[in-house]
Amino acid sequence: MKASEAPTIQSPMWNQYRNQVIAAIADVEALMQQLGKGINSEVLAEEVAEHMGMLIDTPEAYEALLKLVKAARPIAQEGLRRTREEQGGQYSLLLL
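In terms of my numbering, the sequence shown has 13 at position 13, counting the first letter as 1, and numbering is strictly consecutive.
FYI, nobody ran anything at the bench for these hints, they're computed from the structure.
For clarity, every value in this text was computed on a predicted model and none was experimentally measured.
Warning: the hint list may mix true and false statements.
Taking lysine to any residue and the SDA-like style, the derived pairs with C-alpha atoms no more than 20 Å apart in a straight line are [stated by the list, open to error]:
1. K67 <-> R84
2. K37 <-> S4
3. K67 <-> Y17
4. K2 <-> R81
5. K37 <-> Y17
6. K67 <-> G53
7. K2 <-> L66
8. K67 <-> L35
9. K67 <-> R82
10. K70 <-> Q87
11. K70 <-> L80
12. K67 <-> E47
13. K67 <-> E5
14. K37 <-> K2
15. K2 <-> L80
16. K70 <-> M52
17. K37 <-> E50
18. K70 <-> P7
19. K2 <-> Q16
20. K2 <-> A23
21. K67 <-> A6
22. K67 <-> R18
23. K70 <-> E47
24. K2 <-> A61
25. K37 <-> P7
If you anchor each label on the Cβ, the simulated ranges turn out as follows [unchecked claim]:
26. P74 <-> K37: 11 to 21 Å
27. E85 <-> E5: 36 to 46 Å
28. R84 <-> E60: 32 to 42 Å
29. S11 <-> Q87: 30 to 40 Å
30. K70 <-> L31: 28 to 38 Å
31. E85 <-> K2: 13 to 23 Å
32. E86 <-> E5: 35 to 45 Å
No residue lacks a Cβ here, since even glycine has one placed at the ideal position from N, Cα and C.
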């Protein structure tokens, strides 16, 4: 999929797309935590796009994805924190 074709908030597919982005953020964040590295939002947006098989084809599409990543990152981080807490510090990471 091209980033410019991603669902918008008015689309019926928005919730599914947002959840996919949150899951991709969580996967990338978990990997970075395991590697002991940090990542800024711009690089995270690029990693999320790659993880989702999305081509960032326009500057506007990149900005939209970046805004979504910045907004959804705390949600993904909280999910990782809860999972670690519930599983005693252990969680599985599915590498695709």
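To see whether the hints hold, each was checked on the structure:
1. K67 <-> R84: Outside the cut-off at roughly 26 Å; violated.
2. K37 <-> S4: Violated, because 30 Å separates the two Cα atoms, which is more than 20 Å.
3. K67 <-> Y17: Satisfied, since the Cα-Cα distance of roughly 14 Å is no more than 20 Å.
4. K2 <-> R81: Violated. K2 to R81 sits at ~31 Å, over the 20 Å cutoff.
5. K37 <-> Y17: violated, 27 Å
6. K67 <-> G53: With Cα atoms ~18 Å apart, K67 and G53 stay inside 20 Å; holds.
7. K2 <-> L66: Holds, because 14 Å separates the two Cα atoms, which is no more than 20 Å.
8. K67 <-> L35: Not satisfied, since the Cα-Cα distance of roughly 25 Å exceeds 20 Å.
9. K67 <-> R82: violated, 24 Å
10. K70 <-> Q87: violated, 26 Å
11. K70 <-> L80: holds, 16 Å
12. K67 <-> E47: Distance ~14 Å between K67 and E47 Cα, so the pair holds.
13. K67 <-> E5: holds, 16 Å
14. K37 <-> K2: violated, 28 Å
15. K2 <-> L80: violated, 28 Å
16. K70 <-> M52: holds, 17 Å
17. K37 <-> E50: holds, 18 Å
18. K70 <-> P7: holds, 17 Å
19. K2 <-> Q16: holds, 16 Å
20. K2 <-> A23: holds, 18 Å
21. K67 <-> A6: With Cα atoms ~13 Å apart, K67 and A6 stay inside 20 Å; holds.
22. K67 <-> R18: Cα-Cα ~12 Å, so holds.
23. K70 <-> E47: holds, 13 Å
24. K2 <-> A61: holds, 9 Å
25. K37 <-> P7: Not satisfied, since the Cα-Cα distance of roughly 31 Å exceeds 20 Å.
26. P74 <-> K37: 11 to 21 Å: holds, 19 Å
27. E85 <-> E5: 36 to 46 Å: Check passed, 37 Å falls within 36 to 46 Å.
28. R84 <-> E60: 32 to 42 Å: holds, 36 Å
29. S11 <-> Q87: 30 to 40 Å: holds, 34 Å
30. K70 <-> L31: 28 to 38 Å: Violated: the Cβ-Cβ distance is about 19 Å, outside 28 to 38 Å.
31. E85 <-> K2: 13 to 23 Å: violated, 38 Å
32. E86 <-> E5: 35 to 45 Å: The hint (35 to 45 Å, Cβ to Cβ) holds, given that E86 and E5 are roughly 36 Å apart.
The structure does not agree with the numbered hints 1, 2, 4, 5, 8, 9, 10, 14, 15, 25, 30 and 31 stated previously, though it agrees with the rest.
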